Amino acid sequence: MSEASVIHDIGYQRYTGRRLGRTAVFSAIYVHGIRAAFGLGRSAKSKIFPWLVAGIVLLVAVIVAAVRSQTGVVVFNYIQFADSMSWLVIFFVAIIAPELVSRDMRSGVLPLYFSRPLRAADYIGAKFVALASAVWLLLGVPQLVMFVGAAFTTKTGMKGVWNELGDLLPGWAYSLLWAVVFASISLLIASLTGKRAFAAAGIVATFLMTTPVVGVLSILPSSTAQHLAGLASPMSLISGIGTWLIPSANAGFPVDRFGPVYGIEAFTLIAGCLLLLLARYRKVASL
Amino acid sequence: MSIIATQNLTKTYGGRVTALSDLTVAVEPGVIGLVGANGAGKSTFIKIMLGLIAPTGGSLRVFDLDPTVETDKVRARVGYMPENDSLPPDVSASEFVTHLGRISGLPRTAARERASEALRHVGLYEERYRQIGGYSTGMKQRVKLAQALVHDPDLLLLDEPTNGMDPAGRDSMLALVQRIGTEFGISVVVCSHLLGEVEQICDSLIAIEGGRLLRADRISAMTTASDVLAVEVSEGTEELAAALKEIGLEVTQDGRLLLVPLTDEATYDRILHVVADLDLPLHRLDQRRHRVAELFAQRETADV
Amino acid sequence: MSTLELQNVSRWYGNVVAVNDISLNLGPGVTGLLGPNGAGKTTVLHMMAGFLNPSRGTVTIDGKPTWRNPAVYRDLGLVNEREAVHGFLTAYEFVLASAKMHKLPDAPGAARRALELVEMTDAQDRRIETYSKGMRQRTRVAAALVHAPQVLLLDEPFNGMDPRQRMHMMTLLHSLGDQGHTILFSSHILEEVEQVSGTVQVIVAGRLAASGDYRKIRRLMTNRPHVFAVQSSDDRQLAVALIGETSVSGVEIANTGLTVRAADYGSFTRALPRIALDRGIRLRKLLPSDESLESVFSYLLEA
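Chains as they are written, first to last, in our numbering: chain A, 1 to 287; chain B, 1 to 304; chain C, 1 to 303.
Please note that the accuracy of each hint is not assured.
Computed spacing ranges between beta-carbons, pair by pair [claimed, not checked]: (1) Val-17/B - Phe-267/A: 39 to 45 Å; (2) Ala-205/A - Arg-56/C: 48 to 54 Å; (3) Asn-53/C - Thr-137/B: 26 to 32 Å; (4) Gly-133/B - Thr-246/C: 53 to 59 Å; (5) Gly-244/C - Arg-212/B: 56 to 62 Å.
By construction, these hints were calculated from the structure, which means they are not laboratory data.
Quick caveat: nothing in here was measured; it's all calculated off a predicted structure.
Virtual Cβ for every residue (Gly too), placed ideally from N, Cα, C.
The shape of chain A in the complex, shown without the other chains (with noise of 0.2 Å):
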């Protein structure tokens, strides 16, 4: 028995179904802007520069976990470690900042962007939080590690798996911290030019520019300089906060009474950051 022919219909056919909000808009942009930032999905050259970061990262807290668990010598804590490892972070969003963000600029894709319903704070705010996600893996993932290894070789048992968390948390919290900051500043930087190189240049130097200011403030005479130098850079700000918060940890940078003041520059330099940012893209966002 034989089938009738026919000829199928494949001309246009309208979309009836789902169209989702944006929520999904948001992940989509975001999802996108992770793997981005890691090379996922793109040539095997855009993998080498963040997972050779990465993993540079992660031996070091191999490292120090290894030596933890043979002599019980804590090289590092939590939030020394991320303090440590400030200029890898430096050049891992001085890299994948411009990527996010710069580059989009310069292949002229913003107008099929923002011809669809699409908000310029979900854009830059999707972008914002991809790349404060990658900054928090990069560091959280290794204190993971650290965490990971410690457990193990704990002596006080369960209790200790307990203490071990309860310096693991702040810790990501620090990381966290780390990755707003850093995040904000550096996007800020790199959507001010389209060229990629420009903008990692110029993110490194943000960050070079404004060490040395604080070594100067440091050494002045007055205590309350002393105890303030460290809001000249975003570094010595977050260790800054960390001392504050978390004075177990020695975070490094000694800040007496002036905690609040480093909790309040660093809110107002991260809303400002991204408020800038945002001005930016809805001016960007006009065709």
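Fit chains B and C to the known structure of chain A by using the hints.
Then chains B and C, alone, in the frame of chain A:
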């Protein structure tokens, strides 16, 4: 129902530069040509339609929605194909169009499928898996068109769709646009400098000059037959002209063409008789039609 | 009167042959240089303008080579496709600079005359950055014309112009051509070329495919039947009569009229009036449908 309706639409930048001035026009579904001077007028019009800038005065409604208020709703129903190069060089067309489909709110599977279909409709086959950086101009234009179609808009805004394409590519793009306007049931606004293209594929036309409406009409109204007959013979033009004058017809010569007023139906026969009698090779016999280009020839300004 | 001549000119870059054995001759009037993207039009123009040397063959104006011959610039003007113009200059200043560079005895006078030629007299003292694209283009044409060269070369001169600006430029080129200048402009937009000039040089993949009046080129394609659209008072009867003619190779009937393919152009065009009259059929429309530059060009590409 008009798909786009403006009422005294005005836009001034910084109080000095007037991009659009008092534009009142209603656009019916179909393929619409948007023609006009370079710069301010047309692109400003598109930006206002997409809700990217607000008018300084007057109003504009797309599908009876205000783009400055219900921006998301309008953009969900509109597809935009920009004039410039707006494609990232290091992703494949397939990936890129899928991603944009998701930005338009399509669920993941639907975005993939519609992207694939859109690329098929615009004529990109195995090329779609290669990186966009290696594409020719024609292929890049097609990718831009595909991303404008992926979310199934009701209105397409195409800014110079044949930009930079050679004649063959131009032809297939125009045929595609015409198919979209007629078969797919999607209205299309085509911005173009080339009046021949506009005459070929559009049903109606909006001509903007200096921010003001020059003319808005159906193409058929602008290309009506005039009452002049054009006759062309591949040799013996002078002979023919003389003979026609002899039988009492008014003849004007325009290059190779002889123009004769069409007073009545018999004119056709009289001309044919003369041609046959002289045994001349008849190359063309046709009622002259008006052309869209005439709109622009009328007024002369130095500031062009 | 100047003749621009290319003799067996080729130009290659390593393995890429941009121009392959082209010989052509340009006289007074306007000629369009036509071809798909990347066919070699700009390379040919640059060789004519003396910017590039041919890898083989000679490019001459009135017998004098254009390469390494600064004197040729007295007779040549080139308007390039993309050229940055200093926005802070006025049109007058820009054209005057060009006049001075040509060491003209009366530079200001020549500048003003050139600007008048392109109808930029009213706007000449405003800064170029305030101009529209069409005005900028005309300024560049004035600068190229200031030394009254016999030959003018333009690379994609209508790029991005709107209809009115294009019409202005076309009228200008026409009048210059009528005055005896030799003008060559390149374009890949056939609509523009058709309106400006019937004379074309068609380049396809580095080779010269055809030269001359495109309508005559079409007649030369004898292996392709000419296609005509015909409307009459009795299409079907006319169709029957036409298919009986040896010069006709095919007739198609639609409700918009007849499509007739004529293998023998000369015989068909003479026969048609007689056939219609003999049968009492009123001929209302006869229109060649594949004689446009577009059709000619696509046929040339297929060859």
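- For this structure, which hints from the list above don't hold up? As far as the earlier hints go, not one is violated by this structure.
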